[in-house]
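K.L.:
Chain order of the listed sequences is A and B. For the first sequence, position 118 (counting from the first letter as 1) is numbered 118 according to my numbering, and the numbering increases by one without interruption. Here my numbering runs 1000 ahead of the position in the second sequence, where the first position is 1.
Among the hints, erroneous ones may be present.
[Unchecked claim] Below, simulated BS3-like cross-link-like pairs (lysine-lysine); rule was C-alpha separation at most 27 Å, straight line: (1) B:Lys1037 <-> B:Lys1056; (2) B:Lys1056 <-> B:Lys1005; (3) A:Lys2 <-> B:Lys1158; (4) B:Lys1037 <-> B:Lys1158; (5) B:Lys1153 <-> A:Lys2; (6) A:Lys118 <-> B:Lys1050; (7) A:Lys2 <-> B:Lys1014; (8) A:Lys118 <-> B:Lys1056; (9) A:Lys85 <-> A:Lys146; (10) B:Lys1241 <-> A:Lys2; (11) B:Lys1005 <-> A:Lys2.
Treat the hints as calculated values from the structure; they're not laboratory data. As the structure is a prediction and not an experimental result, all values here were calculated from the model.
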Amino acid sequence: MKNIHVSTTINGDPTEFICAPDESLLDVLRNRLALTGAKEGCGTGDCGACSVTVDGRLVCSCLVLGAEADGVEVETIEGMADGDKLHPLQQHFIDKAALQCGVCTPGILVAAKALLEKNPNPTDTEVRYWLAGNLCRCTGYDKIIKAVQSAAAEMRGE
Amino acid sequence: MRYEKPENVADAVKLLHAETGVARILAGGTDVLVQLKAGMVEPDLIVDIKDLDGIKDITPEDGGYRIGAAVSGARLGEHAGVTALWPGVVEGFELIGSTQVQGRATMVGNLCNGSPAADSVPGLIAANAVARIAGPDGTRDCAVIDIPVSPGKISLAKGEFITSVFLPKRPERASDAYLRFIPRTEMDIAVAAAGVSLELDADGTCVAACVALGAVAPTVLLVDAAADCIIGTKLDDASLKAMASACSDVCNPIDDRRGTIEFRTQTAGVLAKRAALIAYERAGGRT
Chain A
1 MKNIHVSTTI NGDPTEFICA PDESLLDVLR NRLALTGAKE GCGTGDCGAC SVTVDGRLVC
61 SCLVLGAEAD GVEVETIEGM ADGDKLHPLQ QHFIDKAALQ CGVCTPGILV AAKALLEKNP
121 NPTDTEVRYW LAGNLCRCTG YDKIIKAVQS AAAEMRGE
Chain B
1001 MRYEKPENVA DAVKLLHAET GVARILAGGT DVLVQLKAGM VEPDLIVDIK DLDGIKDITP
1061 EDGGYRIGAA VSGARLGEHA GVTALWPGVV EGFELIGSTQ VQGRATMVGN LCNGSPAADS
1121 VPGLIAANAV ARIAGPDGTR DCAVIDIPVS PGKISLAKGE FITSVFLPKR PERASDAYLR
1181 FIPRTEMDIA VAAAGVSLEL DADGTCVAAC VALGAVAPTV LLVDAAADCI IGTKLDDASL
1241 KAMASACSDV CNPIDDRRGT IEFRTQTAGV LAKRAALIAY ERAGGRT
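Whole structure, please, built from the sequences with the hints as guidance.
P.N.:
In structure tokens form, the structure reads like this:
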């Protein structure tokens, strides 16, 4: 297989990498770029642990080829905090204990951020449907929904 | 495996036509990449069509809309024009997968995957949607109903691929709806499904109807006998009951742990009835 040279932007930084044609964006992020925040849960787009945004759209990076990243803008969990200052979602997940093992957390944070950018004031039902593709086997989801809502309230200035 | 991203349709056709091994089109990738990982398909060539002109666009045309083959569910759902004109088509497609899957999945991909349970296909067939196909002999149009052949098989020839789907214009008092049954509320595959499109006259009588059923036969079914039961009526109880039974009559589903033959057959009729009532209300009728 002939490797492919890809020029992309990740968390605002111009980035270049070489990948195999059948290599997923998730594998590129984790194995070639040392961005291990996105996790591989199922590898088939069911669990959402590998969530990133591509040109602002929330996607599963396991269902994107690395080659497809050419010329697009990718945002990962690593770009969420501003230096040492955590994003309100990250802070509220800690404050509300909205995680246990933490494997699903990066994906849920990326997904929740995408939701609040589109809808700053969602109902609980809207949050639950939006996050239906992010599976968590520890928390029972309730604390996750509450943490998203309290972060949303802070972001609205309430 | 080679990965190619051609810049025009002619080059895409040439690549697909010349490939002697297995070729796959990549737009949203939510089926192809899963199949790739599961080892269900080992393509020699992947043709990424996302650089083709207009492939990601929704374009008004003759009072309807042309939807490019790489338009994601998220983009389609945000389009006020298509959502207003063909709400049943949009709601069918939006039922597929998670937010993440909707960020990538395409309606044309759902059609070309060839599943009898594809949630966007009954709505497209009830809408009389037409696929535009590029191929070695040029461009041709084909009714969406003639695309699926059997589970996993479609009617396209070697070197051909769908570049867009066209949703036609419709009169003011017309609408559509799609319903499916799944054992949970999200992230599942239809056990039975129905898409209904209706046109009404000024006093609320149904003057044209299309009823399509999903997941109850090897391909999505267009049931003219069911449509005939409600054409000329205001969707009274007796007509709806006749329509539901006409739907159940043509069902030929599989029997599996997700739904028995009996359950799928009955449910298809019930869903068609409910979808017809939603479409009727959207079109401005009152039962």
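K.L.:
Determine for every hint whether it applies to the structure shown.
P.N.:
Hints and how they fare:
1. B:Lys1037 <-> B:Lys1056: 26 Å, holds
2. B:Lys1056 <-> B:Lys1005: 14 Å, holds
3. A:Lys2 <-> B:Lys1158: 25 Å, holds
4. B:Lys1037 <-> B:Lys1158: 24 Å, holds
5. B:Lys1153 <-> A:Lys2: Judged against 27 Å, a Cα distance of about 30 Å means the pair is violated.
6. A:Lys118 <-> B:Lys1050: 24 Å, holds
7. A:Lys2 <-> B:Lys1014: Roughly 20 Å between the alpha carbons, so the hint for lysine 2 (chain A) and lysine 1014 (chain B) holds.
8. A:Lys118 <-> B:Lys1056: 21 Å, holds
9. A:Lys85 <-> A:Lys146: This hinted pair holds, its Cα atoms lying about 21 Å apart.
10. B:Lys1241 <-> A:Lys2: 60 Å, violated
11. B:Lys1005 <-> A:Lys2: Holds, at roughly 14 Å.
When each numbered hint is compared with the structure, violations occur for hints 5 and 10.
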